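Peer 1: Please build the complete structure, drawing on both the sequences and the hints.
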Amino acid sequence: MSSFLPRYVYPALNVVPTDSEQYYIIPLQMTARWGKDHPGEATEKEKNIVSQFNIFTYDEMTKNYEPFLTDKASMYKLGDASLRNDYFKVWLSQGLKHPKSYIDAFAALESGWFAISKSPTGQPVYPYDTVGNQMTVFYKTVTNPDTTSEFINSPNDSMNDSMGRWFNYFKQIPVINITTYTAFWTWLLPMFAVYMMIRRNRVSLLLLQAVPFLLGIASLYASSTAYISRYMLFAMYLAPLLIGIISSDQE
Numbered sequence: 115m116s117s118f119l120p121r122y123v124y125p126a127l128n129v130v131p132t133d134s135e136q137y138y139i140i141p142l143q144m145t146a147r148w149g150k151d152h153p154g155e156a157t158e159k160e161k162n163i164v165s166q167f168n169i170f171t172y173d174e175m176t177k178n179y180e181p182f183l184t185d186k187a188s189m190y191k192l193g194d195a196s197l198r199n200d201y202f203k204v205w206l207s208q209g210l211k212h213p214k215s216y217i218d219a220f221a222a223l224e225s226g227w228f229a230i231s232k233s234p235t236g237q238p239v240y241p242y243d244t245v246g247n248q249m250t251v252f253y254k255t256v257t258n259p260d261t262t263s264e265f266i267n268s269p270n271d272s273m274n275d276s277m278g279r280w281f282n283y284f285k286q287i288p289v290i291n292i293t294t295y296t297a298f299w300t301w302l303l304p305m306f307a308v309y310m311m312i313r314r315n316r317v318s319l320l321l322l323q324a325v326p327f328l329l330g331i332a333s334l335y336a337s338s339t340a341y342i343s344r345y346m347l348f349a350m351y352l353a354p355l356l357i358g359i360i361s362s363d364q365e
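Position 133 of the sequence shown, counted from 1, bears residue number 247 in this note's numbering, the numbering being contiguous throughout.
FYI, nobody ran anything at the bench for these hints, they're computed from the structure. There could be a bad hint or two in this list.
To be verified - Simulated restraints, written as ranges between beta carbons of each label pair:
| hint | residue 1 | residue 2 | range |
| --- | --- | --- | --- |
| 1 | 194 | 325 | 37 to 47 Å |
| 2 | 130 | 335 | 20 to 30 Å |
| 3 | 199 | 281 | 39 to 49 Å |
| 4 | 177 | 130 | 45 to 55 Å |
Source: prediction; values computed, not measured. All C-beta atoms, glycine included, are put in the ideal place defined by N, C-alpha and C.
Peer 2: So this is what it looks like as C-alpha cells:
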C-alpha cells in the first residue's frame, strides 16, 4: 500500500507530497537556540550558509527565537534549498560543540505534550514564574456576509465571551481541571493505558488496536509546537476509548 497509494491513488486525487521544508523545522529551531545560547561563536561562513538556506538570517533567527514555536526561526519555508547539505554540516558541527542547546531546543519545543507546567510563552530563560500548561480554547463565530448573512445571524460576541469566561472558570476548579491540561491527554492517559495493558497481561492482544493512537501520540513529538491544542484533539476522543477497551473483560 505504501507504494501503490503514492504512485496511483494520490495523483488521481490530486494529492501532492508535502514540501521538503517540513523536515528542517526542528533542526532550524535548534540552530536558533544554539545561536542564542552561544552568541559570537558561529563563524561568518556558518552564518552565511544558514542565512542563505533559511528565509531568515542567522541573526534574525537567534534574536527572535521562541522556545515553544518554530515560526520565528523558519516559518515553514526555505531560502536556497540547494544548500541543504552545507546546512547539515553546519548543524552537525555546532551540535557536536554544544549538544545541550539542541537538547534544550527540542525539549522546550515538545515540552507541552508531557509537562504540567511551563514557562511563559516567549520567555526561554530564567527568571520566570511557571504557569499551568492548560489548553486555550478560542470561541468565535464567524460569518461571510456575501454568502451566509441571509441565513445565519451575525456573530454573537456576548455568547463567545460567556463561553470563554466559563472555560476559564472551569480551568481553576481543583481535581476536575486536570482535563484541561494538555499533558493529561498526551502523556498521563497514554502512559496509563500502556500500564494497564502490561498489568492485565494483554499487550499482544491490544497493541494492534492501540497502534493508531500511539502513533498519533508519537507524531506529536515531531511537530513544530506543543502548545496548540488542536494538534492533540484526537487524543481526547481515542484515549478514553482505548482505556475502555483495555478495561473490558471481553477477549
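Peer 1: Could you run down the list of hints and mark each one as holding or not?
Peer 2: To see whether the hints hold, each was checked on the structure:
no. : hint                     : result
1   : 194 with 325: 37 to 47 Å : holds, 39 Å
2   : 130 with 335: 20 to 30 Å : holds, 26 Å
3   : 199 with 281: 39 to 49 Å : holds, 48 Å
4   : 177 with 130: 45 to 55 Å : violated, 34 Å
Checked against the numbered hints given earlier, the structure breaks only hint 4 and satisfies all the rest.
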